[in-house]
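With the hints as your guide, set chain V onto chain H.
Top line first, the protein sequences correspond to chains H and V.
Following our numbering, the numbering of the first sequence begins with 1 at its first residue and continues without gaps.
Following our numbering, the numbering of the second sequence begins with 1 at its first residue and continues without gaps.
No wet-lab data here; the hints were simulated from the structure.
Hints should not be assumed to be uniformly reliable.
The calculated label-pair distances, taken between Cβ atoms and stated as ranges, are [claimed, not checked]:
#: 1; chain 1: H; residue 1: N25; chain 2: V; residue 2: L71; range: 42 to 52 Å
#: 2; chain 1: V; residue 1: Y219; chain 2: H; residue 2: R80; range: 44 to 54 Å
#: 3; chain 1: V; residue 1: W34; chain 2: H; residue 2: V5; range: 53 to 63 Å
#: 4; chain 1: H; residue 1: A121; chain 2: V; residue 2: R37; range: 15 to 25 Å
#: 5; chain 1: H; residue 1: N25; chain 2: V; residue 2: G271; range: 51 to 61 Å
#: 6; chain 1: H; residue 1: W124; chain 2: V; residue 2: R37; range: 49 to 59 Å
#: 7; chain 1: H; residue 1: A233; chain 2: V; residue 2: I297; range: 34 to 44 Å
#: 8; chain 1: H; residue 1: W124; chain 2: V; residue 2: A78; range: 41 to 51 Å
#: 9; chain 1: V; residue 1: G271; chain 2: H; residue 2: R80; range: 35 to 45 Å
Straight line, CA to CA, 20 Å or less: simulated SDA-like cross-link-like pairs of lysine to any residue [unchecked claim]:
#: 10; chain 1: V; residue 1: K62; chain 2: H; residue 2: I102
#: 11; chain 1: V; residue 1: K62; chain 2: H; residue 2: S146
#: 12; chain 1: H; residue 1: K83; chain 2: V; residue 2: R37
#: 13; chain 1: H; residue 1: K21; chain 2: H; residue 2: S68
#: 14; chain 1: H; residue 1: K21; chain 2: V; residue 2: R293
#: 15; chain 1: H; residue 1: K83; chain 2: V; residue 2: Q29
#: 16; chain 1: V; residue 1: K62; chain 2: H; residue 2: T104
#: 17; chain 1: H; residue 1: K83; chain 2: V; residue 2: S35
#: 18; chain 1: H; residue 1: K83; chain 2: V; residue 2: W34
#: 19; chain 1: V; residue 1: K62; chain 2: H; residue 2: G101
#: 20; chain 1: H; residue 1: K83; chain 2: V; residue 2: W286
Each residue gets a CB set at the ideal place from its N, CA and C atoms; glycine is no exception.
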Amino acid sequence: MTAPVPSVPAIETRDIRRVYKARPNNVTALDGIDLDVAAGEFFGLLGPNGAGKTTLIKILTTLLAPSSGSARVFGFDIERDTKKIRRIMNMVAGGEQSGYGILTVREQLWMFSQFYGMPGAEGWRRVDELIEAVGLAEQRLQRVNSLSTGQRQKMNFARGLLNDPWILFLDEPTLGLDVSAARAVRELVVQWQAAVPGRTLLLTTHYMAEADELCERIAIVDHGRILAIGAPAELKRRVQRESIFRLELDRLDGGPATLLRLPGVVSAVAATSDGRPDDERQTVAVNLVLADDAALASVVAALTPLGSHIVALAKSEPSLEDVFVELVGRGFEDEGEAPPPDDGLTPAVPQDAHEAGEPELEDVV
Amino acid sequence: MSGQDAASSAAGRGPRPELFVGRAAASPQIAADWSRRRILLTDLRAVRGRAYPRINGLFREKSWVFFEILLPFLTTSAFVFVYRALQAPQEYIGFVVVGGAMTAFWLNVVWMMAAQLYWEKDQGNLELYFAAPMDLMSVLLGMALGGMVMSSSRAASVLVVASVVYGVTFEVDQWLLLIVVFGLTLSALYGLGMILASLFLMWGREAWHTTQLMVEPVYFVSGLNFPVARLGMLGALAVATIPLAVGLDAIRQLAFVGSDVALLPPLAEAGILVAMTAVFTLAARWSLRTLERRARIEGRLTMRWQ
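Pulled out of the complex, with its shape left as it was, chain H reads as follows (with noise of 0.2 Å):
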């Protein structure tokens, strides 16, 4: 049976700020967040380290109380309704180190079935369909503590399937993953998603292409606010103000500076850093910024008598941190990790406890 989508919001917040107590100020994480995301929806939240996506995660899934302004998802007050929520949503994090080392993969997600109150036997075989979905039969019976990175992250990813969510909240899921896990991780997500109408996602990452690849919508976020929001394509317009393309010849006397005479060219700049052919290619790269569309005509008419052949011509569309760029002023590179709030009170376990022969943290079962 497959239950049409809800008709209720999966996320709708107002307002909603969140300050951590710190010395000598106090952190403003978020600074009144409004969203509204539908039921189905694969909604994204871009923005760097410190911006405020994992705050939001956190209040969403019900861990963490705002400091003002109201949540709810799927209809449920986050303060007041925090067991149903519980109920239809789950959370999986990058660099999860979460269950015991010494269980099997198997055992691990059966453990995690019970917190769910799935009936034992069902559990084994919910478990045993989710290691088969996920790709890690030959890993099932593998421990946990020998599992690499990358299964590791599907073996979260089965446990955040386990009570089948209506809402599956990804905190920067692919983190620390190389380049082939995190696309299986990402693959993973798009076919659980499309499995059952009506199932939502709410993803944070910096990663800009993999929110681009992914959301349907994305917010993007920077010091607890919410810039813009829009599909990856709407908010990549906005920035979009001249076309832009990547001209390859087969030569150009006298360097891409002899395009910047042509009607509607409004730059034309080498796209190889020095300027000079590419040796390889025995080609000129030429990056064209034009007015419009309509200006390619008159370049492309102006290469003949120049003695030019155009090898290739590609569009260059803007990409998301283009359009960050152009909201913020800056690039994600260029913000610095927030500093976790020191209030002083930070519980730890204490630096001595390994050296004092306490027990490894794979084996505190």
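Relative to the frame of chain H, chain V by itself:
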């Protein structure tokens, strides 16, 4: 895909997304609406789930034989030789052996109950526990149940080995009462452990160090290696507050009939243990609720970086 994953796919055992369909539910509202029975069953299953790694992992790490049987046995042996040198009554050897066996439970309570939520936070499990629909008491009860089973095997090993080696003879008249008192001692002891687990998490390093400081004094006032009655008022105070002290005193009376070094009759001590179990369990529940509330407000208890 990693090399292993690729091999898996090549063998025809790669991801099978058709299995993602799962169970059907009409709407999130229906899926979230649980009956009381389902809530209760979930809590019970969560107890089972959390106990599983401890019970199942019992024999996976063999190092426990050294740390939890051999070392307590050596400590016990030291006291046995002291008592023999002093020509103490024979039952004192038995007292020490019983105390040595019970040490396994106390160590388990300190390291794997009281400190456990602390470790769980560091491993990232705590926020998953908080985010699951079960009652958090289920986690503590599961840890306690698993810990009891785990420690029982250690305690039984110490008891059997030491009894055989040192020729301890038990004289039991009331087996049922002995079993009940033993069970109550564990209940009260693990109830205390559940409270400490919450306190450790709330007060972090301070609680950790305080407990470390308390380990030896607790050994002393609990009378692990001698009858607590010999401590007079201090012993009486220990019996009133420390489950190990009152439990040991009762167990020794019941396991060695005729010994006359006890503070209170076993039945009275059983009553104290019942009261302790009730108080500790309720206090643990309250502290856990407080912990969860503070965790949500302050945002520093479930998150590793805070």
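Now the hints, each set against the structure:
1. H/N25 with V/L71: 42 to 52 Å: 50 Å, holds
2. V/Y219 with H/R80: 44 to 54 Å: 47 Å, holds
3. V/W34 with H/V5: 53 to 63 Å: This hint is violated: roughly 23 Å between Cβ atoms.
4. H/A121 with V/R37: 15 to 25 Å: 18 Å, holds
5. H/N25 with V/G271: 51 to 61 Å: 55 Å, holds
6. H/W124 with V/R37: 49 to 59 Å: 22 Å, violated
7. H/A233 with V/I297: 34 to 44 Å: Since the Cβ atoms of H/A233 and V/I297 sit about 40 Å apart, the hinted range of 34 to 44 Å holds.
8. H/W124 with V/A78: 41 to 51 Å: 47 Å, holds
9. V/G271 with H/R80: 35 to 45 Å: 41 Å, holds
10. V/K62 with H/I102: 12 Å, holds
11. V/K62 with H/S146: 18 Å, holds
12. H/K83 with V/R37: 15 Å, holds
13. H/K21 with H/S68: 14 Å, holds
14. H/K21 with V/R293: 16 Å, holds
15. H/K83 with V/Q29: 12 Å, holds
16. V/K62 with H/T104: Distance of about 17 Å is within 20 Å: holds.
17. H/K83 with V/S35: Given pair H/K83, V/S35 holds - Cα atoms ~12 Å apart, limit 20 Å.
18. H/K83 with V/W34: Given that 20 Å is the threshold and the Cα spacing comes to 10 Å, the pair holds.
19. V/K62 with H/G101: Holds: V/K62 and H/G101 sit about 15 Å apart, inside 20 Å.
20. H/K83 with V/W286: Satisfied, since the Cα-Cα distance of roughly 18 Å is no more than 20 Å.
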